[in-house]
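Visitor: The chain contents come next:
Number of protein chains: 2
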Amino acid sequence: MATNGNTTNNHKFDPNFTAAVIAATGPKASPRIRKVVGSLIQHLHDFLRENEVTVEEWLAGVDLINQAGRISDDKRNEGQLLCDVLGIESLVDEITYKVATDAPDEPTATAILGPFWRKDAPRRNMGDTIVFEIDNGDNTLMSGTVTDFVTGKPIEGAELDVWHTAPNGLYEQQDPNQPDMNLRGRFTTGKDGKYHFYCLRPTSYPIPDDGPSGKLLQLLDRHPMRPAHIHFILSAPGYKPLVTQIFDRRDKYITNDSVFAVKDSLIVDFEPFKGDPKADFKLDYDFRLASYEAAEKDGANGATPMTSSA
Amino acid sequence: MATNGNTTNNHKFDPNFTAAVIAATGPKASPRIRKVVGSLIQHLHDFLRENEVTVEEWLAGVDLINQAGRISDDKRNEGQLLCDVLGIESLVDEITYKVATDAPDEPTATAILGPFWRKDAPRRNMGDTIVFEIDNGDNTLMSGTVTDFVTGKPIEGAELDVWHTAPNGLYEQQDPNQPDMNLRGRFTTGKDGKYHFYCLRPTSYPIPDDGPSGKLLQLLDRHPMRPAHIHFILSAPGYKPLVTQIFDRRDKYITNDSVFAVKDSLIVDFEPFKGDPKADFKLDYDFRLASYEAAEKDGANGATPMTSSA
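If you read the sequences in order, they're chains C and U. Letter by letter, the first sequence follows residues 1 to 310 in full-length UniProt numbering. Letter by letter, the second sequence follows residues 1 to 310 in full-length UniProt numbering.
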C-alpha cells in the first residue's frame, strides 16, 4: 500500500507548478517554516497527483476540515481527533519524545495526550481516591515508584496527573451526570518517589463519532473503539514531562486501537486483590523519567515552537 | 526544495507503524477511499518523519485547521482558502480538467472557482450591465463567442455565469455597501453563440487575511494579493462545465498570484474604447468548450464523488 515517492516530474501535469508554489515563500520566513511548509506542499501535491484527486473529492475533504473546526470548542478538539484516526498524533508523539536507543536503559514509553486532558485537575493527598459518585466500577489500588531512568533513584516531588473514563465510557466533561473533575487528580511523590491512589479498572469506549472523525471512520470501514486505558502526565523539576497511557491487557481492542496508541511496554495486568475493602484489583506500575540532562545527551528531540527557527 | 520520496523504512522510527495504520482500513471501504486515504496517510506520515515534526508544531497546525472551520460560514470558506494559499485548488483544478494533449485543439484553460461564487446569480439580458451603484470603475464592454473546441461551431444556449470584485477589492457579499448580487450575472447565448455585456475592468485585491490563511501567509513572508481577474463558469447542454478566470496583463501581481491560478492563455488585454458612452474599455474573449463526447474520447478525468468507487 506504500506509495513510492512519485516526486516532482514523474507525471503528466505541469512540471514546474509545485516548485513555483514552494519558491513563493519570502526571505523573511523562518528556516523551520520554510522547510516544514515547503515539504508539506511537496507531499500534498504529490499525493494529489498520484491519486488524480478531483475537485469534488478535494471539496469533500475541505468540508470535513471545516466541519471539524465548527464542532470544536473548549471541550472538544475535532481537528486533533481527525489526526488521531489517521495515526498522526501517535506518530508525532513517537517523533517528539524518541530517545536514542543506545541508552543503557529507557524511560517509560510515551503515548498520545488525547483530547480529554484538563488542566488544573484537583491536587489530592497520597492514598486518596479519584472516584466519586460511581458505584458500578472495578475499584483498583494503583501504586508504584517514579524513578530517574538513568540512575534508578526515586524522584521526590514528581507530580502524577491521572485521568480516565467512567464505566459508561465517558470522561466527566462529556457527562453531565458526573461531578466536575471526577476521575482526575494530581498526586505528588515524597522522598521515596512512591505513589498510590484509588481509581477504577477502566473500560473500552468509542471516540466521539458523531462528527467528521466518525464519518471518516465509517468511510474507512473502521470501528471507533479504544482499548481501556488510564492517562498520565508525569512531571518533576529537571525532568522531561512524560505523557503516556497504560492499557489493560485483557481488553478486546488491545491490538486494534482506533487511534493507534498502544505500545507493548504500556500494557499492564490488573490483578484481583483481597484484603482491602476499597479495592477489587491491584495495579503496580513504575514510571521512569528522563532528566533534561540525560535527554540532551541521548539526542532526544525537543519540542520546537512553530514560529521559531530550528 | 523538493523532498525525494523518503518512504516507509528509510528512517529511525517504528518501521511498521504506517503500514499498520493503513491496514486498519476495513473490507467494506470503497476501493477509491482505500487508495486515496491510504496514500494520504503514507504522505502525511512521511512528511512528519522527514521533518521530525514535534507535538507542539503539529498542535499549531491543528489549531490553524480548527480556526479555519470556526471562521467559515455560508459566505466564507476558510478551509478552501488555506488550500488555495498552498496551491492545492489550482493543482486539483489542473488534474480534474486536464484533457489529453494530443487533441487537435484545446478547450479554454480552467482556473480555480475560488470561494466567492454564489449560485443563482440573476439571469440578465444580452447587452445588460452587471454594474450597479458604482461610479468609480473602468466600464468595460466584454464580448465574444462560445464555441465547440473540436468543431469550432458556435454553441447555442450556453450560459455564461460571471462575477468580479468592485473597485474597492470586495465582492458584494463581503461589502454591505453593495446591492445584493452586484457585479454578478448569467447570460445565455443565442444561435450565433455570441455574448456581450458591460462589466468593470477589475482591480487586484487581497484574499481575506484576517484568519488562519492570513496567518499562514505571514509565516511564509508572502503577500495576500491576487492579480485583477474576472470569474466565469460556462455551461451548455452536452458540454463539460468550464470554470475559469481571465487576468489583466498589466496587473502588477500577474506573475505573483497568492493562489497560483494564472495561466498564460487566460491573460487578456483591456483595450481603450471610444464611441460607446457606456464603456471606457473593450475586451474580447472567446470560450471553447469540450463536449462530453470529446472529453471522453480524449481521456479527460471526470469528477468522482468521494463516496463512490473508481
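Just so you know, the hints here were simulated from the structure itself, not pulled from any lab data. Values in this document were obtained by computation on a predicted structure and should not be read as measured data. Take the hints with a grain of salt, since some may be wrong.
Just so you know, same-sequence chains aren't split out, so a pair can sit in one copy or run between any two.
[What the hints assert, rightly or not] No farther apart than 25 Å at their CA atoms in a straight line, the calculated lysine to any residue pairs in the SDA-like style are these:
hint : residue 1 : residue 2
1    : K274      : H196
2    : K75       : L217
3    : K215      : A60
4    : K119      : G61
5    : K75       : N168
6    : K252      : R186
7    : K28       : T255
8    : K12       : S265
Visitor: Determine for every hint whether it applies to the structure shown.
Guide: Against the structure, the hints come out as follows:
1. For a Cα distance limit of 25 Å, the shortest separation of K274 from H196 inside one copy, 17 Å, qualifies, whereas the shortest one across copies, 90 Å, does not.
2. In the homo-oligomer, the alpha carbons of K75 and L217 lie at most 25 Å apart inside one protomer (21 Å), although the nearest pairing across protomers, at 29 Å, exceeds that limit.
3. Taking CA atoms no more than 25 Å apart as the test, K215 paired with A60 passes in both settings, with 11 Å inside one copy and 24 Å between copies.
4. In this homomeric assembly, K119 and G61 come within 25 Å of each other (Cα to Cα) only across copies, at 21 Å, whereas the closest approach inside a single copy is 32 Å.
5. For the homomeric pair K75 and N168, the shortest alpha-carbon distance inside one copy (18 Å) is at most 25 Å, but the shortest distance between copies (40 Å) is not.
6. For the identical chains of this complex, K252 and R186 are neighbours neither inside a copy (29 Å) nor across copies (59 Å), given an alpha-carbon limit of 25 Å.
7. For a Cα distance limit of 25 Å, the shortest separation of K28 from T255 across copies, 20 Å, qualifies, whereas the shortest one inside one copy, 47 Å, does not.
8. Taking CA atoms no more than 25 Å apart as the test, K12 paired with S265 passes between copies only; the shortest distance there is 19 Å, against 47 Å inside one copy.
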